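Undergrad: Keeping their order, the protein sequence lines are chains A and B.
According to our numbering, the first sequence is numbered sequentially starting from 1.
According to our numbering, the second sequence is numbered sequentially starting from 1.
Certain hints may be false.
Here are the simulated lysine to any residue pairs, SDA-like style, with alpha carbons at most 25 Å apart [what the hints assert, rightly or not]: (1) Lys3(B) - Ile179(A); (2) Lys3(B) - Thr219(A); (3) Lys3(B) - Val299(A); (4) Lys3(B) - Thr95(B); (5) Lys82(B) - Pro329(A); (6) Lys3(B) - Arg165(A); (7) Lys3(B) - Ser143(A); (8) Lys3(B) - Arg125(A); (9) Lys82(B) - Arg165(A); (10) Lys51(A) - Ser107(A); (11) Lys115(B) - Leu6(B); (12) Lys3(B) - Thr132(B); (13) Lys3(B) - Thr369(A); (14) Lys3(B) - Arg224(A); (15) Lys3(B) - Asp366(A); (16) Lys3(B) - Glu135(A); (17) Lys3(B) - Arg124(B); (18) Lys3(B) - Ala139(A); (19) Lys3(B) - Ala353(A); (20) Lys115(B) - Ala183(A); (21) Lys115(B) - Asp178(A); (22) Lys82(B) - Arg125(A); (23) Lys115(B) - Leu7(B); (24) Lys3(B) - Leu269(A); (25) Lys3(B) - Lys51(A); (26) Lys115(B) - Val17(B); (27) Lys82(B) - Glu286(A); (28) Lys115(B) - Ala55(B); (29) Lys3(B) - Pro329(A); (30) Lys3(B) - Glu198(A).
Hints listed in this document are in silico derivations from the structure and should not be mistaken for laboratory results.
Here the structure is a predicted model, which is why all the values come from computation and not from measurement.
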Amino acid sequence: MNESLLRELVPAVIGVLVRRGADFASAEDAVQEAVIRALQTGPDDPPRDPKGWLVAAAWRKFLDATRAETSRRERELAVEHERPTGPVPGADDSLWLYFLCAHPSLSPGSAVALTLRAVGGLTTRQIATAYLVPEATMAQRISRAKRRLAGLPLDRPGDPATVLRVLYLVFNEGYGGDIDLAAEAIRLTRQLAAASDEPEVAGLLALMLLHHARRSSRTGPDGRLVPLAEQDRTRWDTTLISEGVTILQAALARDRLGEYQAQAAIAALHADAPTAAETDWVQIVEWYDELLRLTGSPVVRLNRAVAVGEADGPRAGLAELNTVDPDLPRYAAVHAYLLERAGDLEQAADRYAAASRTATSVPERDHLTREAARVRESLRRRTEQPTTFTE
Amino acid sequence: MPKYLLLKHYRGAPASVNDVPMDQWTPEEITAHVRYMEDFAARLQTSGEYVDHRALSPQGTFVRSDGEGRPPITDGPFAETKDLIAGWMLIDVETYERALELAGELSEAPGAGGKPIREWLELRPLLTAMPTVTE
């Protein structure tokens, strides 16, 4: 059967099983098993009603598991099997599942794994491959998360902020194995935006679309990182950009600003600039002010220093940087960039080299190492060809 | 979730608290130590934080190219090599603090006299692939 169709059916089918009385953990397991079976048996006889077929297959799996569990318990304990009853989802199964899988009692990593399986319909193996851990480890992470949920009262709606955080984490993981996690995060956020009128959901969707639009220009042919200012803007996906901008404008018009809308506004201003030089940095600084007011985040303060450096010159940026915690990841990278623009090449080269040693990803480390080398090369040229005039 | 490598050294780490070489332990002490390590890995598998663990032979060889058309040159093992890795465990955890906690637990493995070795483990973060949002 068509894999993406099958995956889209997963949350609704879990909802059907739970409405029939299955507890969430067993229902989710049963649907996962039915999906794996369907993927293995192949497309020789695709059912006319895929959803009906998946409900029937998952229900059979559920009954088998319940019977096996009951007889096991009867053998061992001779007690009557009592199936735990979960909360009954309402009309919108998917919304209920988003909240459940991103429940605040779960750690972010567990919430990500459970969301990808129960809402995204991915198999444990696909999730494990995407996150580079053994399948057994991922299976344990998911079943622990479900056990954790089993003991909680789930009648209250969850926290929308944790749902958005989980989707953002999936998006930021990028591309893992045969699963495009960024595209998957967009699919799930689109689905959530269709079921919710929360402006921050729209803000997150807009943010994702605006970043995704630049994806192909963010890496060079050899996989190297291409910084925003050097990206080939003709390769940006204008359809995604205009969709993102439209969604963002509608969200902003609701006048309930949140951090994802503010981040999307910054991404939109970058997307809007025909060249890097034409970027409206003054407005970007204003959005960073909003973002700082909303979050108080030290990372925002760091990024704001870059924007100030562009809007008011590198010296102003360096002055801003003095107010930022120097232990932040990428602090040295920002410092190096501002120093270079301010003309202090010697210090800039040292700071680029320091930044490469504290980088957290391979492409960033390689990029910063090259930046250090580039600045050192221009320093060498300067000493080899002494200028004939005094400065 | 970030991944961390816990590195165990034959040599090169500062001295353990219970610093008696393994070949001077009793067989029971060795068995208890091995069981502790296996139980630790099994616990991490259950908690969904385990990625891999391997032990390395101390018999290392240094190898380098000697130019095109020539076989590589080998050297060693060097008795005086400053640093010698004994093995590693790769974990996938929510936070740096959790990685510290697990490393502390692993360092408690029993040694001579059944007392914890409290050896120094080296904790190294793995670099990731490129995140989607970098600017």
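Undergrad: Confirm or reject each hint.
TA: Comparing the hints with the structure gives:
1. At roughly 20 Å between alpha-carbon atoms, Lys3(B) and Ile179(A) fall within 25 Å of each other, so this suggested pair holds.
2. Our distance criterion of 25 Å between C-alpha atoms is met by Lys3(B) and Thr219(A), whose separation comes to about 24 Å.
3. Using a Cα cut-off of 25 Å, the hinted pair Lys3(B) and Val299(A) holds, with the two alpha carbons roughly 22 Å apart.
4. The suggested pairing of Lys3(B) with Thr95(B) holds, with an alpha-carbon distance near 9 Å, which does not exceed 25 Å.
5. Among the hinted pairs, Lys82(B) with Pro329(A) is inconsistent with the structure: their alpha-carbon atoms are about 31 Å apart, more than 25 Å.
6. Taking the CA atoms of Lys3(B) and Arg165(A), the gap is near 20 Å; set against the 25 Å cutoff, the hint holds.
7. Restraint check for Lys3(B) and Ser143(A): satisfied, since their Cα atoms lie roughly 21 Å apart, inside the 25 Å limit.
8. With a C-alpha separation of about 18 Å, the suggested pair Lys3(B) and Arg125(A) falls inside the 25 Å cut-off, and the hint holds.
9. A distance of roughly 45 Å separates the Cα atoms of Lys82(B) and Arg165(A); the hinted pair therefore is violated under the 25 Å criterion.
10. Distance hint between Lys51(A) and Ser107(A) is unfulfilled; the C-alpha atoms sit about 32 Å from each other, more than 25 Å.
11. At roughly 21 Å between alpha-carbon atoms, Lys115(B) and Leu6(B) fall within 25 Å of each other, so this suggested pair holds.
12. The hinted pair formed by Lys3(B) and Thr132(B) meets the criterion: a straight-line CA distance of about 18 Å does not exceed 25 Å.
13. Straight-line distance between C-alpha atoms of Lys3(B) and Thr369(A) comes to about 23 Å, which keeps the hinted pair within the 25 Å bound.
14. At roughly 22 Å between alpha-carbon atoms, Lys3(B) and Arg224(A) fall within 25 Å of each other, so this suggested pair holds.
15. A hinted pair counts as satisfied when its Cα atoms are at most 25 Å apart, and Lys3(B) with Asp366(A) qualifies at roughly 20 Å.
16. The suggested pairing of Lys3(B) with Glu135(A) holds, with an alpha-carbon distance near 16 Å, which does not exceed 25 Å.
17. At most 25 Å may separate the alpha-carbon atoms for a hinted pair to count; Lys3(B) and Arg124(B) meet this at roughly 9 Å.
18. This hinted pair checks out: Lys3(B) and Ala139(A) have alpha carbons roughly 18 Å apart, not beyond 25 Å.
19. Using a Cα cut-off of 25 Å, the hinted pair Lys3(B) and Ala353(A) holds, with the two alpha carbons roughly 24 Å apart.
20. Distance restraint check for Lys115(B) and Ala183(A): the Cα-Cα separation of roughly 52 Å exceeds the 25 Å cut-off, and the hinted pair is therefore not satisfied.
21. As the CA atoms of Lys115(B) and Asp178(A) are separated by approximately 47 Å, the hinted pair breaks the 25 Å bound.
22. Our distance criterion of 25 Å between C-alpha atoms is broken by Lys82(B) and Arg125(A), whose separation comes to about 41 Å.
23. Of the supplied pair hints, the one linking Lys115(B) and Leu7(B) holds, its CA atoms being roughly 21 Å apart against a limit of 25 Å.
24. Of the pairs offered as hints, the one joining Lys3(B) and Leu269(A) is violated, with about 35 Å between alpha carbons and a cut-off of 25 Å exceeded.
25. Among the hinted pairs, Lys3(B) with Lys51(A) is inconsistent with the structure: their alpha-carbon atoms are about 38 Å apart, more than 25 Å.
26. Restraint check for Lys115(B) and Val17(B): the C-alpha separation of about 10 Å stays at or below 25 Å, so the hint holds.
27. Distance check on the hinted pair: Lys82(B) and Glu286(A) sit about 54 Å apart at the alpha-carbon level, beyond 25 Å; violated.
28. As the CA atoms of Lys115(B) and Ala55(B) are separated by approximately 22 Å, the hinted pair is consistent with the 25 Å bound.
29. Among the hinted pairs, Lys3(B) with Pro329(A) is consistent with the structure: their alpha-carbon atoms are about 16 Å apart, no more than 25 Å.
30. Restraint check: the Cα-Cα separation between Lys3(B) and Glu198(A) comes to about 34 Å, which exceeds 25 Å; the hinted pair is violated.
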